[in-house]
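Undergrad: As a plain string of letters, each chain reads:
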Amino acid sequence: MTLRTDTLHASGSACATCPMNQHLERLGVKMTNWDYVVALAGNPNTGKSTVFNALTGLRQHTGNWPGKTVARAEGGFQYGNKRYKLVDLPGTYSLLAASVDEEIARDFILFGQPDVTAIVVDATRLERNLNLVLQVLEITNKAVVCLNLVDEARRHKLIVDHRRLARDLGVPVVPTAARQNEGIPELLQVMSEVATGVIETRPRRLRSTANPALDAAVNTLSGQLEAAFPGLPNARWVALRLLDGDQQIERAIRDGSLGDLSRGDKTQAVSERLTIAEVPA
Amino acid sequence: MTANTTASDLLNTARRLRQEVGENSHDHLTEALFAEAARITDRAVTHPDTRSRFDLERTIDRLVTSRRWGFPIMLLLLTAVFWITIEGANVPSRMLSSLLLDTVHPALNDLGASLGMPWWMSGVLFDGAYLSMAWVVSVMLPPMAIFFPLFTLLEDFGYLPRVAFNLDRLFSSTGAHGKQALTMTMGFGCNAAGVIATRVIDSPRERLIAIITNNFAICNGRWPTLILISSVFLGSSVPAAAAGLISAAAVVSIAVLGVLLTFAVSWFLSKTWLKGESSVFSLELPPYRPPRILQTIYTSIIDRTAIVLYRAVMMAVPAGILIWTLSNITLADQSLAEHMVGFLDGFGWLLGLNGVILVAYILAIPANEIVIPTILMLTVLTAGLTGVGAGAGVMFELDSNTAVKDILSAGGWTALTAVNLMLFSLIHNPCSTTIMTIYNETKSVKWTAVATLLPLIMGLTITLTTATITRLMGWV
Chain P
15 MTLRTDTLHA SGSACATCPM NQHLERLGVK MTNWDYVVAL AGNPNTGKST VFNALTGLRQ
75 HTGNWPGKTV ARAEGGFQYG NKRYKLVDLP GTYSLLAASV DEEIARDFIL FGQPDVTAIV
135 VDATRLERNL NLVLQVLEIT NKAVVCLNLV DEARRHKLIV DHRRLARDLG VPVVPTAARQ
195 NEGIPELLQV MSEVATGVIE TRPRRLRSTA NPALDAAVNT LSGQLEAAFP GLPNARWVAL
255 RLLDGDQQIE RAIRDGSLGD LSRGDKTQAV SERLTIAEVP A
Chain R
476 MTANTTASDL LNTARRLRQE VGENSHDHLT EALFAEAARI TDRAVTHPDT RSRFDLERTI
536 DRLVTSRRWG FPIMLLLLTA VFWITIEGAN VPSRMLSSLL LDTVHPALND LGASLGMPWW
596 MSGVLFDGAY LSMAWVVSVM LPPMAIFFPL FTLLEDFGYL PRVAFNLDRL FSSTGAHGKQ
656 ALTMTMGFGC NAAGVIATRV IDSPRERLIA IITNNFAICN GRWPTLILIS SVFLGSSVPA
716 AAAGLISAAA VVSIAVLGVL LTFAVSWFLS KTWLKGESSV FSLELPPYRP PRILQTIYTS
776 IIDRTAIVLY RAVMMAVPAG ILIWTLSNIT LADQSLAEHM VGFLDGFGWL LGLNGVILVA
836 YILAIPANEI VIPTILMLTV LTAGLTGVGA GAGVMFELDS NTAVKDILSA GGWTALTAVN
896 LMLFSLIHNP CSTTIMTIYN ETKSVKWTAV ATLLPLIMGL TITLTTATIT RLMGWV
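If you read the protein sequences in the order shown, they are chains P and R.
Per this note's numbering, the very first residue in the first sequence carries number 15; after that it's consecutive.
Per this note's numbering, the very first residue in the second sequence carries number 476; after that it's consecutive.
It is possible that some hints are incorrect.
As the list claims (entries may be wrong) - Label pairs and their in silico Cβ distance ranges:
no.: 1; chain 1: R; residue 1: LEU928; chain 2: P; residue 2: GLN261; range: 24 to 32 Å
no.: 2; chain 1: R; residue 1: MET911; chain 2: P; residue 2: ASP175; range: 27 to 35 Å
no.: 3; chain 1: P; residue 1: ARG178; chain 2: R; residue 2: SER919; range: 29 to 37 Å
no.: 4; chain 1: P; residue 1: PRO244; chain 2: R; residue 2: MET911; range: 50 to 58 Å
no.: 5; chain 1: R; residue 1: ILE559; chain 2: P; residue 2: LYS171; range: 47 to 55 Å
no.: 6; chain 1: P; residue 1: ASN195; chain 2: R; residue 2: ILE559; range: 27 to 35 Å
no.: 7; chain 1: R; residue 1: ALA510; chain 2: P; residue 2: LYS96; range: 37 to 45 Å
Stated by the list, open to error - Some chain P residues well away from chain R (every beta-carbon gap over 10 Å; in silico):
no.: 8; residue: HIS37
no.: 9; residue: ASP49
no.: 10; residue: TYR50
no.: 11; residue: ASN95
no.: 12; residue: LEU148
no.: 13; residue: ARG193
no.: 14; residue: THR215
no.: 15; residue: ALA231
no.: 16; residue: PRO247
no.: 17; residue: ASP258
no.: 18; residue: GLN262
Hints are computed from structural coordinates only; laboratory data are not their basis.
Just so it is clear, the structure is predicted and the values come from calculations on it, not from any experiment.
Virtual Cβ for every residue (Gly too), placed ideally from N, Cα, C.
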């Protein structure tokens, strides 16, 4: 592992005062006393590991086949005098906890409460990738969409209106081509602004499904949840999971770790769970 | 109201509502999400006019995953990779061996003599430890430095998921996991790496099958043995024009036999000790991406080549010391090595092999790479040849195939010995690095023993059978 210190922008021009020109210091695996935690989510094979390497200076092996990141990888970087811990979650198509990978990713976003979750999406396969984005946005408010592989989209003559996308999703969307480092400085700036609360996000949440009975049940249950856990950031989603019989969410309600979420505490239970899940059997 | 009653109230409400809504809330949610994703995408993405455009990627995909052309293309590509590796490694291998063996080695011996080292000390250090290390470096480094980047480039380009796609049907019909296609392909480089790669398989049952059968993928350490023996014994028995083709065909058929054995043993395991359904997985065929050549070469050399080479050297040094010592300690007029060869000769004959080959395979447990030099050295010793090589316990490399054939024929080798050596090279216990890796990955003595002994027993049985049949038919 190498520890590299370099800047992404040549400073010294008139732009030097621009906040975008803050120095990125890649900390590799050396991370202690971080100020913010960033989770990196995304479908398999969208270049998540490439984004991870671009930010941390680590050379985690990237490969063009799904399922490359078997365990959770962590690294660090410093940006604008703040230290960030970056957690590369396994690539998944959904967060419904149907597999070990999905459970690791879901648990980290829900219980680990990262300060910002960057969702890496493949610009050439936007529709399928948005399924995961919408699920992440159901759970957390603090998210950024990293619209990756725009170079490939250009090659396929696809035009993705990222401003429109950002308006529809209610979170910032940053177009990137991580392999060429294109858009990474902008991504850093936006991530730091969401983490510090400079950017307020209003993620799009599902207001209704096609099933009135289900919607009514969700309304009842989420009302009760909000009353029991004031400030819970994702009552509707928790309600939906309960209606689906999600045992882990039931357990979180029983042992009170869901209550910690409403107070904004990071639960300890999650770190244990993650260490167990980290080693694939 | 305490926290506990709130929690149980909530859960009761949830249970009641769940019954009202029914089991399919999950589907409704998924449908709603899909519809939403489609709406948002529709607004944000402008598609080019694609009506009559020729889609290169789809055409390639249709070709490389087609039922008719998928397998031939796969064999062709893998053959090309191996051919480039073998041909390309030849020159640097020769340069390295002339530097390390012909220049540095005598210089070390001279140095030892000028320092007044006793014969046994310079023998152990230079003729044992140094030479075996030099041999492994000159033989292993060039092919690895070519093979790993090539393989990584194929991976980076996006071809490997197509291989898995092609093999998936075959693997799942044997009760194994489709991703075993990927780990098997990794095994063609190094079985230890292939065993580690089985981490991509979630189900422990299917992962064990993949670990146990990985040994049937011929690793880097075994390719040189197969290539040398097939060109010396099989290639030289046909007209010169066809020699290259025949020996290449022999090597490829051994490799294909290994794949067939992988299927057979996977099927056997999933019907007996590791019963179960094969799990379904969805494999997205990723887009083809132009590989980043320089970065790939850099990371594959640092991450793979250097580590594998380091391990091989660490194994070869003690093995070299051992071979030298065994060849130089004399007991009742014979060296220990000669005693061992004599002891195993009868059993070796039954298998269509000989004592020398068996001793070589025992000494080469740490690394298959040292099989051929050990065989040559022991043959020279026991056949009482003089004037070849550099003397007792020195591993040497012979310049021409004819010289190799002369030595081996003097040692009583026939075509049967050659064929059975190739079979045994494919089907025997994994090297100690792989065995250690299997233990680290499974943490089970039992499964490590199965993975070690099953191929060994199979190899003994198969060579015994071919030897007996050949002799009964009077072919030898």
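Undergrad: Tell me if the beta carbons of R/ILE559 and P/LYS171 are separated by a distance inside 47 to 55 Å.
TA: 35 Å, violated
Undergrad: Beyond 10 Å from chain R, beta-carbon-wise, is P/ASP49?
TA: Given a closest Cβ separation of 31 Å, the condition holds.
Undergrad: Verify this label for me: P/ARG193 is non-interface relative to chain R, using a Cβ-Cβ cutoff of 10 Å.
TA: With a cut-off of 10 Å, P/ARG193 comes too close to chain R, as the shortest Cβ separation is near 7 Å.
Undergrad: Do R/MET911 and P/ASP175 keep their Cβ atoms within the hinted range of 27 to 35 Å?
TA: Taking Cβ atoms as reference, R/MET911 and P/ASP175 lie about 55 Å apart, which means the hint is violated.
Undergrad: Can you tell me whether the CB distance of R/ALA510 to P/LYS96 sits inside 37 to 45 Å?
TA: 39 Å, holds
Undergrad: P/ASP258: least C-beta distance to chain R exceeds 10 Å?
TA: 5 Å, violated
Undergrad: Going by Cβ atoms, does P/THR215 stay more than 10 Å from chain R at every point?
TA: Check passes; 16 Å lies beyond 10 Å.
Undergrad: Does P/ALA231 really sit off the interface, with its C-beta more than 10 Å from all C-beta atoms of chain R?
TA: 4 Å, violated
Undergrad: Is it true that P/ARG178 and R/SER919 lie within 29 to 37 Å of each other by Cβ?
TA: Since P/ARG178 and R/SER919 have Cβ atoms about 55 Å apart, the given range 29 to 37 Å is violated.
Undergrad: Over 10 Å to the closest beta carbon of chain R is the bar; see if P/HIS37 clears it.
TA: 24 Å, holds
Undergrad: So is P/ASN95 really clear of chain R, every C-beta pair being over 10 Å apart?
TA: 31 Å, holds
Undergrad: Test the statement that P/GLN262 is away from the interface with chain R: the closest C-beta pair must be farther apart than 10 Å.
TA: 13 Å, holds
In the structure shown, a violation is registered for the earlier hints numbered 1, 2, 3, 5, 12, 13, 15 and 17, in ascending order.
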